[in-house]
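Asks: The lines below spell out each chain.
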Amino acid sequence: MRILVCISRTPDTTAKIAFTDNSTKFASEGVQWILNPYDEWYALVRAIEMKEKDPAAVVHLVTVGPVEVEPVMRKALALGGDEAIRVDAVPADAYQAAAMIAEVARGGSYDLVLTGKETIDQNGSSVGAMVAEFLDADMVGMAVSLDCEGGVARVTREIEGGEEVCEVPLPLVVSCQKGMAEARIPNMRGIMAARTKPLRVLSPAGVPALSEVVRYDLPASKAGVRLVPADRPEELVRLLHEEARII
Amino acid sequence: MSVLTYVDVSEGVVRKSSLEALCYGSQLAARLGVASEAVVLGGHPGDLSELGVYGVTRVHHVSDAGLDVFDTRRHAVVVSAAAGACGAVAVVLSHSLNGRALGPRLAVRLRAGYAAGVIALPETEGGFRVRRNVFSGKAQSEISIATPIRVLTVQPNAFGLTRGEGRAEVVSMSAPEGAGRVRVVETRRVTGTVPLGEAERVVSGGRGLKGPEHWGMVEELAELLGAATACSRAVADAHWRPHHEHVGQTGLAIAPNLYFAIGISGAIQHLAGVNRSKVIVVVNKDPEAPFFKAADYGIVGDAFEVMPKVIEAVRALRAG
Numbered sequence: 207m208r209i210l211v212c213i214s215r216t217p218d219t220t221a222k223i224a225f226t227d228n229s230t231k232f233a234s235e236g237v238q239w240i241l242n243p244y245d246e247w248y249a250l251v252r253a254i255e256m257k258e259k260d261p262a263a264v265v266h267l268v269t270v271g272p273v274e275v276e277p278v279m280r281k282a283l284a285l286g287g288d289e290a291i292r293v294d295a296v297p298a299d300a301y302q303a304a305a306m307i308a309e310v311a312r313g314g315s316y317d318l319v320l321t322g323k324e325t326i327d328q329n330g331s332s333v334g335a336m337v338a339e340f341l342d343a344d345m346v347g348m349a350v351s352l353d354c355e356g357g358v359a360r361v362t363r364e365i366e367g368g369e370e371v372c373e374v375p376l377p378l379v380v381s382c383q384k385g386m387a388e389a390r391i392p393n394m395r396g397i398m399a400a401r402t403k404p405l406r407v408l409s410p411a412g413v414p415a416l417s418e419v420v421r422y423d424l425p426a427s428k429a430g431v432r433l434v435p436a437d438r439p440e441e442l443v444r445l446l447h448e449e450a451r452i453i
Numbered sequence: 048m049s050v051l052t053y054v055d056v057s058e059g060v061v062r063k064s065s066l067e068a069l070c071y072g073s074q075l076a077a078r079l080g081v082a083s084e085a086v087v088l089g090g091h092p093g094d095l096s097e098l099g100v101y102g103v104t105r106v107h108h109v110s111d112a113g114l115d116v117f118d119t120r121r122h123a124v125v126v127s128a129a130a131g132a133c134g135a136v137a138v139v140l141s142h143s144l145n146g147r148a149l150g151p152r153l154a155v156r157l158r159a160g161y162a163a164g165v166i167a168l169p170e171t172e173g174g175f176r177v178r179r180n181v182f183s184g185k186a187q188s189e190i191s192i193a194t195p196i197r198v199l200t201v202q203p204n205a206f207g208l209t210r211g212e213g214r215a216e217v218v219s220m221s222a223p224e225g226a227g228r229v230r231v232v233e234t235r236r237v238t239g240t241v242p243l244g245e246a247e248r249v250v251s252g253g254r255g256l257k258g259p260e261h262w263g264m265v266e267e268l269a270e271l272l273g274a275a276t277a278c279s280r281a282v283a284d285a286h287w288r289p290h291h292e293h294v295g296q297t298g299l300a301i302a303p304n305l306y307f308a309i310g311i312s313g314a315i316q317h318l319a320g321v322n323r324s325k326v327i328v329v330v331n332k333d334p335e336a337p338f339f340k341a342a343d344y345g346i347v348g349d350a351f352e353v354m355p356k357v358i359e360a361v362r363a364l365r366a367g
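Going down the list, the sequences are from chains A and B.
Whatever position you read off the first sequence (first residue = 1), add 206 for our numbering.
Whatever position you read off the second sequence (first residue = 1), add 47 for our numbering.
If you are wondering where the hints come from, they were derived from the structure by calculation, not from laboratory data.
Please read these numbers as outputs of a predicted model, since none were measured by experiment.
Treat the hints with caution; some may be incorrect.
Unchecked claim - Straight-line Cα separation of at most 20 Å, EDC-like style, residue types lysine to aspartate or glutamate; simulated pairs:
| hint | chain 1 | residue 1 | chain 2 | residue 2 |
| --- | --- | --- | --- | --- |
| 1 | B | K63 | B | E247 |
| 2 | B | K356 | A | E441 |
| 3 | B | K63 | A | E441 |
| 4 | A | K403 | A | E255 |
In isolation and in its complexed conformation, chain B is listed as follows (with noise of 0.2 Å):
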């Protein structure tokens, strides 16, 4: 019996919402008594044993060429019959954007009790039940699970990464009978700055910014702290940002380490996509904004005149 977890290498690298879906399958796997084993489709450059070191003992690596595009109907297919194979208990992804198409096709393949963006290891005494973020972030549910095999995704930044020593072994398996109808015709990689789904570390800008001329100061802080740049919703339908880097309860939900939000108000609706948020930083000329209510710390101050400052004194510290 085993759990195991679903790598997603469909871009050419191993993401971090991977391995963190590889530690909780791995400390999942130590609570239920069972082994740590992944599952990897598509060729891949880089030396597989290598994700020992988050806990996974054996890698099932199924190498077929078109296995490289990702496709929801046949990757589900092939997960399937690994997790057959390994006598999963549970099967674990990443809530990512590919994780949470390919993880629900599972559960029914599986006939799978199903949690998305999971944000816990589950309680397994006398049942399974496990944690995940509802209401756009307002509010947690506990999902107990009866079946004998579940499928979780598990919430990107919500579950630390923890590295040990050990190499996995490397099974090749050859994918069952089939082939995918989806065709890749184009790819578009904006290149340079952190996808902000999984950044650590956010800076955003709302409407108080008064125009797209000054995000300058954004993008020099986020480029300072390596961090993803976005915004409120205003901003984007204004045309100001582009849509991706719209974060709320209709945009991205996001929940960085540090969310640093600069001339923006905190409508509830903005609350929604960043109060998972570890550490929450206003700037805001308005004493009375909502967004202080739900900050850790903030300056009741003028952008304009508060962020160049701010923006040195994380100039001095860098350079210190």
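For reference, chain A alone in the conformation it holds in the complex (with noise of 0.2 Å):
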């Protein structure tokens, strides 16, 4: 089995999100850089656990992204990653991204391409799917289990209401939500070997954007909360029937 986890590099929950160069960058200055959560907790741990339980298995890691995306690779390793991959670009738009991912999924015959659901800054939920597209492979998005066994795996996504339960023959690409494996913290025995791992950079096929971004804004903040007495909770209740119109 071999599984390549695609990971992606984003700011912490807790950045603070403003903007430069005339609003068309992330003011990255001070920022701590995290690996995006559902690349981390559900991708990457899943992957981790069927490697554990066949010893066999290869787990690759692929990234996008400049030399400053190391430190996030070198901690996907130390998680239990077996070789990181970084395609040195910096990519302007998913379809760039998942061209060059998927230029690297081809070369190494991968049984399953994990990516978490979405990145937690561009939210876009598009990469995973594309890779896919590229591939010709079949792809389940939104999953929160998957198992794999004789060629075919199965995979519970979520659906309006409910979860479904799919089988497909491997190839595949999955794109991993909560519910697929628990976080985990590198021990320190992962943290050492990953200084050793392989770590290697290619560089990125000549493949064109076909979007950018041209402009970032921050939402308008609210007038302010309007505060009710605790004693009367009824007036709460009349102002949502009466003023905001919403019950």
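Put the two chains together into one complex, using the hints given.
Replies: Next up, the structure:
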């Protein structure tokens, strides 16, 4: 079993969101960077769990990004990845990133390509499905569980108001979300081992982006809360009914 | 030329999120001066011509039985063939659980610029620029797409439904050669509740409720309001409530018309998942709870004292 996990670097969940260069770039000054939680907690940890059950399995990690993303790649290696691949580019959109990842995936004949359900900065949910289309592979999105046996994956995915269990022959791309695995913390042995695990850097293939971000904006702030005294909760209900007209 | 909207019937019904996508598609078509058309895959028991009230003039129905299963690979083949057949300049889907898996595939297949979860119609003067939420609702971005065809998914609850008169012409379309490989072995439904992602009202509880045994007030208010129930991450992690109810940065991001938060302090990660709600109500006994800064209405008080009275007042309102 060969598993490729797509990982991404995102600002920490508590990072201050601000923009520079005439509102065209994220202000990264002083920002703490983390492994995108969905990639780490669900896609990567599930891959590692599968490897623990099947010692012959290998888990490779791939990301598209500049050299600054290497610390989070080392963290992913510390959690249990065998080898990391960085495509040395700053992608302008998901299409470009996915094309570069698909190139890596093609070369590695993977049975499974896993992603998180989305990154917490761009929230696009795009890369996994795009990689699948580039590879003409099957893809199941928003998965909450995944098991493989005899060349067939059994995947449970979220549907509106429930879950669907499906079986799909490998190779397969799966986007992972909560339920897939429990978050782990790298242990000291993992951290030590990660220092010497291979981290390959590849030059990007010449793929154009099809879209670009031309501007970022922060939402207008709220007018302020209207407080209702605790001993008159019926006043809250009246306001919601008559003023906000929401109930 | 046309704007083609993918209407998802894979769960036997046309959900509100798909109707929102249809309305978006029709208004986008009007803005671009092209026809609004739709495509439906798989069997559908209802009368598809009725989709005409959402401004669509033609519905392409590909009724092959094999398309009843939602299969991203197979669906992308069929929808992109439909897009080619009707000369689509844009393909619109809902940013629903299915749409967000199908949209990106279509974009690659059609070599189209892609914008996920758009929240407004695009600017089409001198280009094609469209807005979406980023940083988990903490910011918005404007995406410029230069390709002659675009694929857009529409954020649920961001675009209102408009109904008019009219019936659509329904045309049968045969599916391109091929078959899907996904086999559905089981479907589990949570019955009797409103799906959180498309709920117009959400009642949510946090650690301030002290334990799962106190969720009666959340459920009672939700039932009275026709709302879905949700919770904070701490609550889901403590297994007081199922994980699919967790809203926040690493849970589900929602944008209901009303978000009623009880006993939730409003950490930045929680706000990221709910700050696009139209009206936020917070009940918390801590006047310093950060949630009050993001709220529209609030009560500083003990939920166990306040909520029974709120529920009583809502019940009286409903009865009156």
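Asks: Could you check the structure against the hints above and give me the numbers of any it violates, in ascending order?
Replies: 3
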